[in-house]
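Undergrad: The whole structure should be built from the sequences, with the hints applied where relevant.
Heads up: the protein sequence lines correspond to chains F and G, in order. The first sequence begins at 2 in our numbering and counts up one residue at a time. The second sequence begins at 2 in our numbering and counts up one residue at a time.
The set of hints was computed from the structure by calculation and includes no laboratory data. Quick caveat: nothing in here was measured; it's all calculated off a predicted structure.
In this list, chains with the same sequence are indistinguishable; a pair is considered to hold if it fits within one copy or across any two.
Okay, derived cross-link-like pairs now, BS3-like style, lysine-lysine, Cα gap no bigger than 27 Å in a straight line:
no., residue 1, residue 2
1, Lys9, Lys256
2, Lys369, Lys159
3, Lys159, Lys130
4, Lys9, Lys129
5, Lys166, Lys429
6, Lys429, Lys159
7, Lys39, Lys325
8, Lys202, Lys39
9, Lys405, Lys9
10, Lys369, Lys411
Protein chains: 2
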Amino acid sequence: MDRTIPYKIYLSEEELPRAWYNVKAHMKRQHPPFLDPKTGKPCPREALERVFCSECVDQELNETDERIAIPEEILSFYRMFRPSPLVRAYFLERMLDTPAEIYYKFEGNNTSGSHKLNSAAAQAYYAKKQGLAGVTTETGAGQWGTALAMAAAFFGLKLDVFMVKVSYEQKPFRKEVMRTYGANVIPSPSDTTEAGRRILKAFPGTGGSLGCAIAEAVETAQNRESCRYVLGSVLDHVLLHQSVIGLEAKAALEKYGVDVDMVIGCMGGGSNFGGLIAPFMGEKLMGRNDIEFVGVEPASCPSLTRGKYAYDYCDSAQMTPLAKMYTLGCGFMPSPTHSGGLRYHGMSPVISQLYADGYLRAVAVEQKRVFDAAVAFARCEGILPAPESAHAICAAMDEALACKRTGKKKRILFGLTGTGYFDMTAYKQYNDGTMSDSSPTEEELERGFASIPRVPAAD
Amino acid sequence: MDRTIPYKIYLSEEELPRAWYNVKAHMKRQHPPFLDPKTGKPCPREALERVFCSECVDQELNETDERIAIPEEILSFYRMFRPSPLVRAYFLERMLDTPAEIYYKFEGNNTSGSHKLNSAAAQAYYAKKQGLAGVTTETGAGQWGTALAMAAAFFGLKLDVFMVKVSYEQKPFRKEVMRTYGANVIPSPSDTTEAGRRILKAFPGTGGSLGCAIAEAVETAQNRESCRYVLGSVLDHVLLHQSVIGLEAKAALEKYGVDVDMVIGCMGGGSNFGGLIAPFMGEKLMGRNDIEFVGVEPASCPSLTRGKYAYDYCDSAQMTPLAKMYTLGCGFMPSPTHSGGLRYHGMSPVISQLYADGYLRAVAVEQKRVFDAAVAFARCEGILPAPESAHAICAAMDEALACKRTGKKKRILFGLTGTGYFDMTAYKQYNDGTMSDSSPTEEELERGFASIPRVPAAD
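TA: This is how it looks when you write it as structure tokens:
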């Protein structure tokens with residue numbers, strides 16, 4: 002085995018990025034602004050500030066600064082779990098017997114188990130800096146809720162997490178981690194909000210949905226003094242925070258003189274993929290590289306590969322402003338699958354715009370193939386991946402096997418966003434042979450598209 | 002915050018130790034040999050080789066070589082998860098407002114979640130090198146079984162894990178991780194062995210015990226062609242493999258010119274503590290330092306602080322040779338506690354001898370204080386610790402608070418052996434306020450001591 006590059010490239014703390022990378026500063030076309038669903042007009046800044054922390058709104062709207070400094074307090078928090086390793090997948094290469102070089106940036110070495118902590122740290126800090134007493138959020142699979150619980154504990158913020166009831170019941174250990182970090186975890190729908198009570202009345206005994214949990218979290222934040230709502234993906238400022246992934250990966254590769262040909266990431270709301278590709282994409286937009294960017298989504302929730310580029314609600318409860326994005330329709334219901342973190346009807350507006358402009362491609366993969374890849378990876382690279390992350394592994398393995406057929410020695414980087422330690426129910430299904438694949442039928446897609454709102458014409 | 006030392010000190014791969022450290026080479030007195038319980042005579046080498054891999058027996062009996070080379074194949078496996086970080090606990094120091102400097106060596110950044118992988122990798126490799134088809138083992142809490150499953154998958158060995166039935170049922174996710182790595186996990190007692198059938202007949206419906214699981218694993222290995230039994234703690238060769246922890250910690254500290262005053266570790270069978278202290282202790286034995294070594298055990302299973310130094314069986318089924326060790330008696334039943342990995346009646350013969358000779362001290366801590374420490378640590382240092390590891394955190398915090406009172410600026414190193422992601426049932430008890438403390442009464446201790454065998458006089 003040629004070992005000119007170490008298995009794991011750790012940057013030193015001095016090499017930690019001190020600014021996030023704002024890819025929008027180099028985009029030829031910016032994504033259109035959020036619209037007020039009632040008027041069809043762009044949302045005023047003040048409307049966003051009633052929901053989100055002010056500095057996050059600043060970042061959300063910033064289209065000009067390539068670098069946005071990371072405050073010292075957030076850097077200090079990052080040092081608990083960053084820099085994360087860039088791993089040369091020698092064992093995976095050997096198993097696949099491929100001429101390709103495979104690298105992965107591993108974000109799972111922290112108690113939240115994923116990259117979510119990068120934005121949680123930032124958003125909790127800004128809330129504290131703004132003098133807020135607390136924040137609210139929703140969580141489905143639980144990685145975001147856990148990450149925010151850790152950050153809120155660290156910065157001394159009160160946190161209420163509305164957890165989709167079916168997850169709350171099926172993932173008691175996720176809930177317990179959040180409680181251990183001091184968060185108040187409420188199964189959603191709950192009777193603590195108007196939105197929750199309305200749903201409970203209309204659908205007694207429902208297991209809840211992300212859309213309902215978002216509505217409850219937003220309502221709670223708005224009804225409280227000194228409280229804001231925070232979101233773990235989709236939005237531009239979340240992608241900005243996640244750019245630390247790509248910046249570290251790029252610095253580590255440059256340290257060893259490696260130019261990658263391809264960057265692969267899984268996509269749910271798009272924050273991990275957006276963060277991983279940001280600095281590489283920025284250079285591509287400036288004509289400095291010709292990297293191929295590949296986003297991987299589940300076949301069960303194929304927003305880029307089968308969705309429409311349209312203005313849609315960010316939540317299924319139709320409470321949020323409208324965002325221009327690839328969407329399956331806010332009313333789309335993906336068939337139950339365990340990659341909870343990828344079950345989102347839409348896609349980050351930044352990623353959507355880049356996709357519309359032809360700067361990246363997308364592939365959709367079926368669940369059983371994803372778990373085949375996950376298990377093969379676990380056995381040779383030692384890390385049991387999150388089902389979400391395994392979508393990227395699957396696509397990277399496909400590319401490496403294609404290299405084996407063509408003899409090309411491509412250099413592939415993929416994002417390994419997290420670990421699957423709290424996803425063993427899904428692994429059990431796989432091990433028991435009871436896991437199934439599913440893609441929406443054309444009819445199901447049409448039903449989803451029917452929920453995309455008609456945007457009123459602005460005067 | 003003074004930051005002359007980074008938060009995390011990672012060694013480079015070139016700095017990875019290439020030999021284990023055999024502390025026995027410097028011990029003034031070796032621990033007495035294993036005895037055959039029937040004859041009272043030392044166990045012949047051949048008897049050990051019928052149970053364990055030959056190279057492990059070599060290492061078990063080696064009292065002379067300070068360094069034993071780590072084979073390249075094991076080094077290669079180690080690179081998947083080593084070097085592990087040495088962390089300067091700045092956040093913990095700040096929270097405690099102590100003049101002490103606190104460092105911890107964190108072994109939890111791997112899918113097994115603990116240091117156990119260090120010895121699993123070695124033992125699986127030696128089994129493969131010996132040409133064996135498979136190995137057997139037992140697991141209680143599950144960390145060892147998971148580690149061995151990972152190593153067996155990597156080296157292509159068949160693995161049967163006898164898992165204490167009550168754990169098998171209460172920790173379905175641990176079992177699922179092992180299955181994902183291809184291990185065959187059997188609830189013990191089972192009807193696949195004579196030992197298991199005997200127990201099932203005598204105690205229908207029993208939840209099993211570690212002693213019974215050991216008996217089943219040993220019997221299965223001995224009845225199979227090309228199979229041996231492997232053990233995850235207690236034995237000298239396991240401590241040898243774990244010396245990689247101490248060697249890395251020492252190298253990282255030396256890199257920054259830090260001399261520690263105290264090394265603290267939790268103790269169950271003693272392998273993590275023995276490995277952490279090995280190279281520091283070796284120098285103490287040579288008169289080169291005056292470090293204080295502190296082993297921390299649960300008050301519910303206090304083998305060093307309240308046990309007897311005597312020959313005893315290593316298992317409660319009384320099948321193994323006799324080892325000279327501090328013991329509560331092989332028949333001692335600790336009250337149910339969730340630090341499953343520390344519920345062992347005896348203590349590593351090496352640690353026992355060092356304790357008997359006055360080279361280390363031991364403290365016992367109650368469970369609720371341990372969880373107080375675990376939660377405080379999680380919230381400021383970001384890592385949710387395993388309950389076992391939290392015993393060391395608790396003692397380190399006590400020492401740091403003592404420094405606050407005395408004004409002494411001690412340098413404290415402790416071993417953070419693993420993460421608690423599969424221990425959330427215990428955290429739930431703590432969060433719910435239903436956790437209780439327990440120490441054995443004098444009467445319970447006496448009942449345990451009564452199970453210590455009388456050793457027949459050798460001729």
